[in-house]
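Turn these sequences into a full structure, and let the hints steer you where they fit.
Letter by letter, the chains look like this.
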Amino acid sequence: KQEVTQIPAALSVPEGENLVLNCSFTDSAIYNLQWFRQDPGKGLTSLLLIQSSQREQTSGRLNASLDKSSGRSTLYIAASQPGDSATYLCAVRNDKLIFGTGTRLQVFP
Amino acid sequence: EAGVAQSPRYKIIEKRQSVAFWCNPISGHATLYWYQQILGQGPKLLIQFQNNGVVDDSQLPKDRFSAERLKGVDSTLKIQPAKLEDSAVYLCASASRQGMNTEAFFGQGTRLTVV
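Line by line, the protein sequences give chains U and X.
For the first sequence, this note's numbering begins at 1 and goes up steadily by one.
For the second sequence, this note's numbering begins at 110 and goes up steadily by one.
Honestly, the hints are just simulated from the structure, not real lab data.
Careful, some of the hints might be misleading.
Unchecked claim - Using C-beta positions, here's what the derived DEER-type ranges look like:
| id | chain 1 | residue 1 | chain 2 | residue 2 | range |
| --- | --- | --- | --- | --- | --- |
| 1 | U | Ser53 | X | Gly112 | 20 to 30 Å |
| 2 | U | Asn22 | X | Gly112 | 25 to 35 Å |
| 3 | X | Leu193 | U | Val20 | 33 to 43 Å |
| 4 | U | Gly41 | X | Leu193 | 11 to 21 Å |
| 5 | X | Gly181 | U | Pro109 | 44 to 54 Å |
| 6 | U | Pro82 | X | Arg125 | 36 to 46 Å |
Stated by the list, open to error - Under the rule of at most 30 Å between Cα atoms (straight-line distance), these lysine-lysine pairs were calculated in the DSSO-like manner:
| id | chain 1 | residue 1 | chain 2 | residue 2 |
| --- | --- | --- | --- | --- |
| 7 | U | Lys96 | X | Lys120 |
| 8 | X | Lys192 | U | Lys96 |
| 9 | U | Lys1 | U | Lys42 |
| 10 | U | Lys68 | X | Lys192 |
| 11 | X | Lys171 | U | Lys68 |
| 12 | X | Lys120 | X | Lys171 |
In this text, all values refer to a predicted model and were calculated from it rather than measured experimentally.
Backbone N, C-alpha and C fix where the C-beta goes; we use that ideal spot for every residue, glycine too.
Here is the structure:
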């Protein structure tokens, strides 16, 4: 049974810092891994999708890496801004789409 | 391309009442998921459809929850009777194919409060 864990559960940083959010999964037989952002009371917004054959994906200030063999992914946020404050979720997909527990990020001015 | 549509956005009911949620996936998407997200937790998969067939419903509390996807398009999730612990956001997502390297897209969710 696939289990997905995210560390840390919560993070509070000053504006401008570079951040690393971690995601680990127990079954490496995945098709892809997706990172999502969720604002309070809102749905999920897809940030990055990494295919199983890829090592990383980049979008603006976001960079996600994938090490399938070790069951790990990281989301790197460069030069954080208060607008980045949200919960970040990773999800792995084989026949199901299984989510991690999320990291709640607060960036203060 | 229109996104995943869900309704209603919010619902407040008393315990033991019934409630239904509706989801319209992205056109052409064969895979449809329903998730339950309790405050402070990650989304939990309730049921997964491929076209109009159920792929996985192992975490669906079948004594009170039911879901269907008629004609492989729209889907409804029903709770009857509701309990206080059912208070959560119910998220619907769709993807073009099961088990493939495709992206999943989510609706805005339905926030259910059971009082």
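Practice task
Just pull the numbers of the violated hints for me, sorted ascending.
Solution key: Checked against the structure, the hints that fail are numbers 10, 11, while the rest are satisfied.
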